[in-house]
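Engineer: Sequence:
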Amino acid sequence: MPELPEVETVCRGLEPVMMGQVITRIDTHRAGLRVPFPEALSENVAGARVLRIARRAKYILIHLNNGMVLVIHLGMSGRMTVEEAGFKPARHDHMVIHLKDKRMVAFNDARRFGVVDLVEEGAMESHALFRHLGPEPLSNEFSGPALAAKLKGKKTSVKVAIMDQRVVVGVGNIYASEALFLSGISPKRLAGQVQGERAEALVRAIRKVLQKAIRAGGSSLRDYRQADGELGYFQHQFTVYNREGQACPGCTCDIAKTKGILRITQGGRSSFYCPRKQK
DNA sequence: CCTTGAACCTGCGGGC
DNA sequence: TGCCCGCAGGTTCAAG
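Quick note: to get the working numbering, add 1 to the position in the first sequence (first position is 1).
The reader is advised that the hints may include incorrect statements.
Stated by the list, open to error - Distance condition first, Cα-Cα at most 27 angstroms in a straight line; then the derived DSSO-like pairs of lysine-lysine:
1. K189 to K156
2. K155 to K189
3. K189 to K260
Derived by calculation from the structure, the hints in this document are not laboratory data.
Given the sequences, and given the hints that come with them, work out the whole structure.
Structural biologist: So, in structure tokens, the structure goes:
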């Protein structure tokens, strides 16, 4: 479900709830998700205090004062909710973090593509989950020349390439389509052909769509939380994503003749684009 | 090394 | 109403 902006919004929602709190225990209700839950998870976090909440790529990082980092990936369908004392886990609430103030943070994931791991602070960089990750799109490390260098010689489409977390992290299926529309680049264009000014434009567009979505989460939610306690913001309005057959904004073409926004399949995923505005 | 496609799993909406 | 199909915002692994 979530791409970088949604994960970022969840992190900001976790902050006021977990920061400074002691974790009393973690309950798990099955052996694991995409991979098994860490061995002795509850024993290894019980009594530890939350120092800070951070994000790397689409991973939530909960830094503890015992030198460990609780790592959570939401996969496709993962959701985090804040629960009050007396909460009884429901279907797909696979993990519940208990806090000293009796509140709980539940991790619900119907499709179970999520990941939970416990990593030593010093081993984060070299950890298998993080070792191959590309630059953060909102950092200075991510630039036109840097992206162009990564894409040079690549034979895949630019759409598939920018979803490759080794090229740049955080961009998923929705924001890939959105950023390509904003930059006027066809999703079908060969990645290797995105060089120079085109790469600059794509970097600007990726930054812009991600930042705008993060801001939307912050401005539309109190404490980054929905009324039901769910953290994060998942109801954005998109420009091309999931708008097959509709006119794109500002389109002057006749929708009856042009079919409007097109949907194609690339790398097994849907791409949405305007063949007139994107070349 | 690169590229592609399948696999993982449940839920939902549409068509019949 | 029920059944079947395709589709869903991610990542990893095997095969070519």
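Engineer: Decide, hint by hint, whether the structure agrees.
Structural biologist: Results of checking the hints against the structure:
At roughly 11 angstroms between alpha-carbon atoms, K189 and K156 fall within 27 angstroms of each other, so this suggested pair holds. Proximity of K155 to K189 is assessed by CA-CA distance (about 13 angstroms); at most 27 angstroms being required, the pair is judged to hold. A threshold of 27 angstroms between alpha carbons decides the hint, and for K189 with K260 the separation of about 18 angstroms falls inside it, so the pair holds.
This entry satisfies every hint, going by the numbered hints stated previously.
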